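Asker: Could you put the whole structure together from the sequences, leaning on the hints where they help?
If you want the building blocks of each chain, they are given just below.
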Amino acid sequence: MNTGNGEYLRIEHVCKTFGTGATASEVLRDVSLDVAKGEYLAIIGHSGCGKSTLLNIVAGLTEATQGYVFLEGREVHQPGPDRAVVFQNHSLLPWLTVYDNVRLAVDKVFAGRMSSAERHDWTLKNLELVHMTHAIRKRPGEISGGMKQRVGISRALAMSPKVLLLDEPFGALDALTRAHLQEEVMKIHADLGNTVIMITHDVDEAVLLSDRIVMMTNGPAAHIGELHTVSLPRPRNRLDLIADATYIASRAKVLEFLHKKSHYVEAA
Amino acid sequence: MQKIRARAAQVAGVLLPPVIMLGLLGTIWELVCSQPGSALPPPSKVVTDTWELIIHPLYDNGGIDKGLFWHLFASIKRVGLGYALAAGAGIALGVLVGSSKWAMRALDPLFQVLRTIPPLAWLPLSLAAFRDGQPSAIFVIFITAIWPIIINTAVGIRNIPQDYRNVSRVLRLNGFQFFTHIMLPAAAPYIFTGLRIGIGLSWLAIVAAEMLIGGVGIGFFIWDAWNSSLISDIILALVYVGIIGFFLDRLVAFTGKLVGRGTVSV
Chain A
184 MNTGNGEYLR
194 IEHVCKTFGT
204 GATASEVLRD
214 VSLDVAKGEY
224 LAIIGHSGCG
234 KSTLLNIVAG
244 LTEATQGYVF
254 LEGREVHQPG
264 PDRAVVFQNH
274 SLLPWLTVYD
284 NVRLAVDKVF
294 AGRMSSAERH
304 DWTLKNLELV
314 HMTHAIRKRP
324 GEISGGMKQR
334 VGISRALAMS
344 PKVLLLDEPF
354 GALDALTRAH
364 LQEEVMKIHA
374 DLGNTVIMIT
384 HDVDEAVLLS
394 DRIVMMTNGP
404 AAHIGELHTV
414 SLPRPRNRLD
424 LIADATYIAS
434 RAKVLEFLHK
444 KSHYVEAA
Chain B
16 MQKIRARAAQ
26 VAGVLLPPVI
36 MLGLLGTIWE
46 LVCSQPGSAL
56 PPPSKVVTDT
66 WELIIHPLYD
76 NGGIDKGLFW
86 HLFASIKRVG
96 LGYALAAGAG
106 IALGVLVGSS
116 KWAMRALDPL
126 FQVLRTIPPL
136 AWLPLSLAAF
146 RDGQPSAIFV
156 IFITAIWPII
166 INTAVGIRNI
176 PQDYRNVSRV
186 LRLNGFQFFT
196 HIMLPAAAPY
206 IFTGLRIGIG
216 LSWLAIVAAE
226 MLIGGVGIGF
236 FIWDAWNSSL
246 ISDIILALVY
256 VGIIGFFLDR
266 LVAFTGKLVG
276 RGTVSV
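Just so you know, the sequences run in chain order A and B.
Per this note's numbering, numbering through the first sequence is continuous, rising by one, with the last residue being 451.
Per this note's numbering, numbering through the second sequence is continuous, rising by one, with the last residue being 281.
Because the hints were derived from the structure by calculation, they are not lab data.
The structure presented is a predicted model; accordingly, all values stated were derived computationally and were not measured.
We treat Cβ as the ideally placed atom computed from N, Cα and C, and that holds for glycine.
Take the hints with a grain of salt, since some may be wrong.
[What the hints assert, rightly or not] Output of the computed footprint for chain B on chain A, the stretches with three or more beta carbons under 8 Å from beta carbons of chain B:
#	stretch
1	199-205
2	267-274
3	283-291
[Unchecked claim] Pair by pair, the computed Cβ-Cβ distance ranges are:
#	chain 1	residue 1	chain 2	residue 2	range
4	B	F262	A	R257	54 to 64 Å
5	A	A362	B	F261	47 to 57 Å
6	A	K444	B	A118	44 to 54 Å
7	B	K116	A	T206	18 to 28 Å
8	A	N272	B	A107	25 to 35 Å
9	A	R320	B	L253	26 to 36 Å
10	B	K116	A	I431	50 to 60 Å
11	B	K116	A	K444	53 to 63 Å
12	A	K370	B	F191	48 to 58 Å
13	A	H314	B	L266	36 to 46 Å
14	A	I431	B	G190	51 to 61 Å
15	B	G257	A	A362	52 to 62 Å
Answerer: Quick look at the structure:
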């Protein structure tokens with residue numbers, strides 16, 4: 184068996200085929216990728232290109248048909264709080280309050296390592312990070328979509344994950360709320376130095392937030408088309424970047440890939 | 016003052032329509048049944064005939080010569096016991112069938128056939144098995160109420176969104192934690208739909224079952240009244256049966272609202 188050698192997160196020759204025989208559909212073919220500690224990585228591609236499947240494989244929610252995922256040299260077999268996921272539709276439990284949604288994760292992950300009072304403080308601290316302490320007694324049904332996603336992010340952060348996996352976290356939000364949350368995620372990333380993998384289909388979001396952009400080809404049998412390093416200094420300010428040459432070049436590169444080299448497949 | 020007036024108007028708006036409707040229907044009934052040779056008594060005669068029963072619900076002359084309260088109480092006790100057993104067993108079986116593909120394949124066809132058997136058809140069999148009216152009636156309630164509870168619970172469990180399952184997998188909830196934190200609350204709206212159908216069917220079945228087993232109980236009271244040609248007593252009993260059936264349904268719905276923590280809509 185192969186072992187990861189020193190890299191933080193290593194995705195090695197991952198293939199995924201759903202189904203067998205005549206109905207089999209190959210989603211991912213030979214995807215390999217190394218992610219450094221503290222890196223912010225965006226995965227971009229057209230709908231149906233298998234980027235969510237790739238994220239689910241890293242999360243352990245889906246099993247790869249071939250290939251391996253290593254985190255700190257240990258192979259990933261199953262989901263766990265060290266790879267916390269922020270789901271696209273927030274996936275908060277509607278019968279729990281905002282506080283209890285985060286507390287459930289904290290209680291589960293830190294049981295035995297923290298006292299009840301410490302777990303309470305840690306829960307509040309993580310809700311504070313996303314500015315949601317004003318609504319801790321509310322249920323998810325009583326807060327806006329943007330707030331729900333903040334709580335989802337807070338829940339994931341509260342697990343102190345080694346890798347934070349964001350599955351189109353801002354996809355269902357309006358443009359202004361999305362911009363707000365992007366700022367907050369950038370700030371949290373700057374403060375805590377999390378390793379983040381984010382799925383997105385928004386070119387500006389990918390360039391603004393990430394250190395590196397993985398461009399996926401269209402399915403079936405999607406693979407990594409190109410890698411692009413965004414060499415913009417941090418902290419980044421979206422208004423300053425509008426006219427920034429590096430920003431414009433990065434944006435152009437991703438757009439060109441999406442619209443020229445990997446043309447949209449109608450069936451996808 | 017304005018507030019009180021607005022509130023009064025609101026209450027009147029809710030209360031007046033059913034009261035007016037009731038008055039209208041009562042008047043029609045009074046007019047139709049006051050004709051000479053009418054087979055059924057008009058409401059005024061029902062009240063005068065049954066006045067003793069209405070004002071003395073608690074009398075007890077021994078045997079089955081008791082006030083209506085005791086008859087209704089006996090029926091509610093039977094329903095309560097049979098229904099509680101059905102709720103426990105039904106939710107447990109529903110969870111099993113909902114979470115295991117093989118349990119579903121094995122049991123679902125069986126349930127689909129058994130649930131179509133009318134409640135009273137079980138009574139002779141249970142009398143043969145228990146050799147006593149009391150447990151037989153409770154068994155009939157049990158077997159009547161259990162099917163909607165099983166089937167709705169199973170549907171609720173099967174419909175737990177994949178998102179919640181993913182959350183539980185990322186958090187590595189164990190079986191018991193998954194059951195209490197995800198499964199029960201997520202399936203609560205379905206479970207309580209089953210429980211409400213179940214309590215309704217139980218109350219429907221108890222009257223018929225009691226007519227056959229005899230003894231104290233509102234079902235036998237009605238049958239006894241028919242045998243003594245006390246039509247007014249029957250009508251009074253039906254009113255009570257309807258009102259209690261309504262409150263039983265509300266009770267289960269209210270419990271669902273409490274337990275479901277906002278996920279069960281009534």
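Asker: Work down the list of hints and note, for each, if the structure agrees.
Answerer: So, going through the hints one by one against the coordinates:
1. 199-205: Three-residue rule not met by the stretch 199-205 of chain A, so violated; n is 0.
2. 267-274: holds (count 5)
3. 283-291: holds (count 3)
4. B:F262 / A:R257: 54 to 64 Å: holds (60 Å)
5. A:A362 / B:F261: 47 to 57 Å: holds (53 Å)
6. A:K444 / B:A118: 44 to 54 Å: Hint holds: Cβ distance 51 Å, inside 44 to 54 Å.
7. B:K116 / A:T206: 18 to 28 Å: holds (20 Å)
8. A:N272 / B:A107: 25 to 35 Å: 31 Å Cβ-Cβ, so the 25 to 35 Å window holds.
9. A:R320 / B:L253: 26 to 36 Å: Violated: the Cβ-Cβ distance is about 47 Å, outside 26 to 36 Å.
10. B:K116 / A:I431: 50 to 60 Å: For K116 (chain B) and I431 (chain A) the Cβ distance comes to about 54 Å; the hint holds.
11. B:K116 / A:K444: 53 to 63 Å: violated (44 Å)
12. A:K370 / B:F191: 48 to 58 Å: violated (38 Å)
13. A:H314 / B:L266: 36 to 46 Å: Because 42 Å falls inside the window, the suggested range holds.
14. A:I431 / B:G190: 51 to 61 Å: With Cβ atoms ~54 Å apart, the hint holds.
15. B:G257 / A:A362: 52 to 62 Å: holds (59 Å)
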